[in-house]
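Number of protein chains: 2
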Amino acid sequence: MAETLIQIGIVGCADIARKVSRAINLAPNATICAVSSRSQEKAAAFAAANGLPLSAKVYGSYEAILEDPEVDAVYMPLPTSLHLKWAVLAAQNKKHLLLEKPVALDVAQFDRILEACESSGVQFMDNTMWVHNPRTAAMANFLNDTQRFGNLKSVRTCFTSAADSDYLSRNIRVKPDLDALGALGDHGWYCIRAILLAANYELPKRAVASYEPVVNKDGVILECGASLYWEDGKVATFHCSFLGNLTMDITAIGTRGTLHVHDFIIPYHEKESSFLAGTETTFDDLVTGWAKQPIKHTISTDLPQEALLVKEFARLVSEIKFKNSKPEKKWPTISRKTQLVLDAVKTSIQRGFETVHIHE
Amino acid sequence: MAETLIQIGIVGCADIARKVSRAINLAPNATICAVSSRSQEKAAAFAAANGLPLSAKVYGSYEAILEDPEVDAVYMPLPTSLHLKWAVLAAQNKKHLLLEKPVALDVAQFDRILEACESSGVQFMDNTMWVHNPRTAAMANFLNDTQRFGNLKSVRTCFTSAADSDYLSRNIRVKPDLDALGALGDHGWYCIRAILLAANYELPKRAVASYEPVVNKDGVILECGASLYWEDGKVATFHCSFLGNLTMDITAIGTRGTLHVHDFIIPYHEKESSFLAGTETTFDDLVTGWAKQPIKHTISTDLPQEALLVKEFARLVSEIKFKNSKPEKKWPTISRKTQLVLDAVKTSIQRGFETVHIHE
Chain X
9 MAETLIQIGI VGCADIARKV SRAINLAPNA TICAVSSRSQ EKAAAFAAAN
59 GLPLSAKVYG SYEAILEDPE VDAVYMPLPT SLHLKWAVLA AQNKKHLLLE
109 KPVALDVAQF DRILEACESS GVQFMDNTMW VHNPRTAAMA NFLNDTQRFG
159 NLKSVRTCFT SAADSDYLSR NIRVKPDLDA LGALGDHGWY CIRAILLAAN
209 YELPKRAVAS YEPVVNKDGV ILECGASLYW EDGKVATFHC SFLGNLTMDI
259 TAIGTRGTLH VHDFIIPYHE KESSFLAGTE TTFDDLVTGW AKQPIKHTIS
309 TDLPQEALLV KEFARLVSEI KFKNSKPEKK WPTISRKTQL VLDAVKTSIQ
359 RGFETVHIHE
Chain H
9 MAETLIQIGI VGCADIARKV SRAINLAPNA TICAVSSRSQ EKAAAFAAAN
59 GLPLSAKVYG SYEAILEDPE VDAVYMPLPT SLHLKWAVLA AQNKKHLLLE
109 KPVALDVAQF DRILEACESS GVQFMDNTMW VHNPRTAAMA NFLNDTQRFG
159 NLKSVRTCFT SAADSDYLSR NIRVKPDLDA LGALGDHGWY CIRAILLAAN
209 YELPKRAVAS YEPVVNKDGV ILECGASLYW EDGKVATFHC SFLGNLTMDI
259 TAIGTRGTLH VHDFIIPYHE KESSFLAGTE TTFDDLVTGW AKQPIKHTIS
309 TDLPQEALLV KEFARLVSEI KFKNSKPEKK WPTISRKTQL VLDAVKTSIQ
359 RGFETVHIHE
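Heads up: the sequence lines are chains X and H, in that order.
Per our numbering, residue 9 is the first one in the first sequence, and the count goes up by one each step.
Per our numbering, residue 9 is the first one in the second sequence, and the count goes up by one each step.
Derived by calculation from the structure, the hints in this document are not laboratory data.
For clarity, every value in this text was computed on a predicted model and none was experimentally measured.
Even for Gly, the Cβ is constructed at its ideal location relative to N, Cα and C.
Check each hint, because a few of them may be wrong.
[Claimed, not checked] Straight-line distance between alpha carbons at most 20 Å, and here's what the computed PhoX-like set of lysine-lysine pairs gives:
1) K102(H) - K304(H)
2) K304(X) - K279(X)
3) K27(H) - K279(H)
4) K334(X) - K319(X)
5) K300(H) - K279(X)
6) K331(H) - K304(X)
7) K331(H) - K300(X)
8) K27(X) - K319(X)
9) K300(X) - K27(H)
10) K279(X) - K102(X)
11) K300(X) - K319(X)
12) K27(X) - K331(H)
13) K183(X) - K213(X)
14) K279(H) - K102(H)
15) K319(X) - K304(X)
[Stated by the list, open to error] So the derived list for chain H, only partly shown, Cβ under 7 Å to chain X, looks like this:
16) K27
17) E220
18) N224
19) G252
20) L254
21) I261
22) R264
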């Protein structure tokens with residue numbers, strides 16, 4: 009079994025890499041074979057602090073880990089502005105790519121990453137963990153069930169978190185040369201993904217940003233929102249912010265059903281999570297209460313969602329490595345749609361809240 | 009005690025009057041002394057079917073009940089387009105006025121109703137029941153608590169219900185000559201009221217309607233939404249529709265707290281209802297779950313919210329009738345703010361989704 013484990017190298021020791029290292033350790037079909045940072049010392053300290061296998065190699069440069077022939081795939085939690093350079097280099101070095109979100113500063117950059125992946129025949133997946141939770145599959149089943157949910161009419165999502173002053177002055181996510189997309193790239197990414205999930209990944213046709221986005225002195229978005237419109241009349245809105253108490257809601261309304269969830273990105277509990285689903289909910293005769301209410305659905309998982317993500321990524325890499333399969337297009341396609349909508353919202357903000365049309 | 013009960017007359021036998029008749033019967037300080045319809049038979053049938061006191065008089069015209077000197081106050085569930093005529097006449101006849109929502113077709117009409125009430129010295133209250141539930145007071149306490157909630161940043165509300173084809177072809181709420189405001193007047197009213205509650209009744213400065221409102225062949229709104237903006241950066245959105253499964257959510261996000269509720273207008277249960285309140289909710293260290301989650305608050309009430317509304321209305325009428333007090337301005341002020349925002353959204357739709365400035 010050990011020789012069939014997918015050998016993953018970690019490119020960059022960002023805070024989020026702690027969680028993903030644990031996830032790779034938990035995934036049954038992957039292992040960490042190497043870690044790299046811009047300094048050897050930082051990489052060694054990360055390896056020691058995060059329970060990496062003793063066999064894991066420690067590199068003091070990103071180039072070095074990408075040149076290691078034992079590395080099958082890389083997890084890359086670098087700042088967004090560095091994605092183009094390093095993701096393309098990783099793909100050119102035939103490394104399958106698990107890339108942090110947002111995948112790029114814009115879809116043009118992302119397309120260059122995808123082109124590099126395609127021409128090297130490597131798998132691409134972004135690190136949006138919650139879509140790999142079995143709860144998400146159960147939610148999607150509900151949303152796509154014409155009997156229980158009907159047709160989507162409206163979906164509303166939000167993700168806010170209360171950044172402290174240290175974060176707002178120093179974190180990479182508020183720096184124009186690192187994560188220039190700010191709260192839109194970080195929190196908005198999840199909101200948009202949830203909207204796309206509810207729309208069964210049909211792209212909206214138009215995006216209009218809300219007024220009053222908050223930006224910092226460098227022009228990085230700290231808070232914004234938008235409305236999205238489909239041709240058939242479906243509407244969506246989202247709100248994302250570094251300036252509000254931790255909140256992550258979806259309310260999706262169909263012709264026959266409603267879905268509510270309050271912890272869609274990070275479930276309250278790692279191994280058990282819930283959502284509320286109502287079908288033909290209705291009042292009693294005198295409208296003094298509900299004759300039929302939403303029902304709580306609880307889903308258990310042995311592995312946390314981030315380990316399920318790694319397991320799925322490593323499974324696809326195995327199929328390519330050992331069975332000569334082609335890369336799975338589903339994941340890069342979803343990433344690209346998310347980035348397309350994100351770009352449209354950003355453009356709408358830049359153009360004074362004009363309507364922006366979205367084309368594949 | 010009996011002689012101090014406020015004597016209420018019901019002007020119109022709409023379906024909602026069944027619920028309000030029960031509420032008046034339940035309220036300890038009010039009684040139904042008369043009912044009227046455009047036909048004597050219909051009024052008599054209503055009285056028999058709804059447990060009205062045997063002493064209640066039955067009138068075959070609205071004029072007759074308004075001229076009855078025993079009637080202290082009227083409950084008026086007439087279609088919105090009839091409010092101006094009959095509410096003004098009621099006030100001119102010195103009847104205190106409990107008026108169905110939306111209170112008028114626009115604020116200009118509503119101001120004429122308020123002028124009539126003021127010049128007659130009668131109490132005005134609209135029949136928005138949920139704000140009288142003790143749960144709403146508990147939610148307002150949370151929302152106004154700078155320690156538990158901080159300052160409001162964003163509030164998102166929706167109210168949708170799935171009207172059947174009979175409703176969509178025949179109900180007064182889709183008829184331009186009866187309830188011309190459609191879903192905006194009926195469902196949107198509640199969404200706007202909840203947003204105002206979260207904003208501690210501070211009026212937004214701007215309203216922008218969402219694209220894609222759905223209207224019927226007569227131009228009556230069946231579905232619409234809007235975004236609202238305050239000068240300090242607070243933002244709100246709402247969505248209201250006759251075309252989606254029954255849903256009524258509030259998500260209010262403050263700098264320190266979050267409120268979630270799924271049944272804000274009609275609680276799931278008449279005598280016990282809940283909301284979720286989170287304060288400084290946060291992830292665990294590795295962001296694999298929440299170290300601090302929202303907490304469920306459950307509030308009991310002996311009387312249903314509509315009976316508490318009647319009790320409050322009758323209490324204010326008693327103060328005026330027996331203690332020579334002045335009418336309470338709080339309730340008409342809140343009604344007027346709700347109508348002002350509603351008008352702005354309607355104007356934005358009419359002007360092709362332009363921004364509409366809101367002035368008191």
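Of the numbered hints stated earlier in the document, which are not met by this structure?
1, 6, 7, 10, 11, 12, 13, 14, 15 and 18
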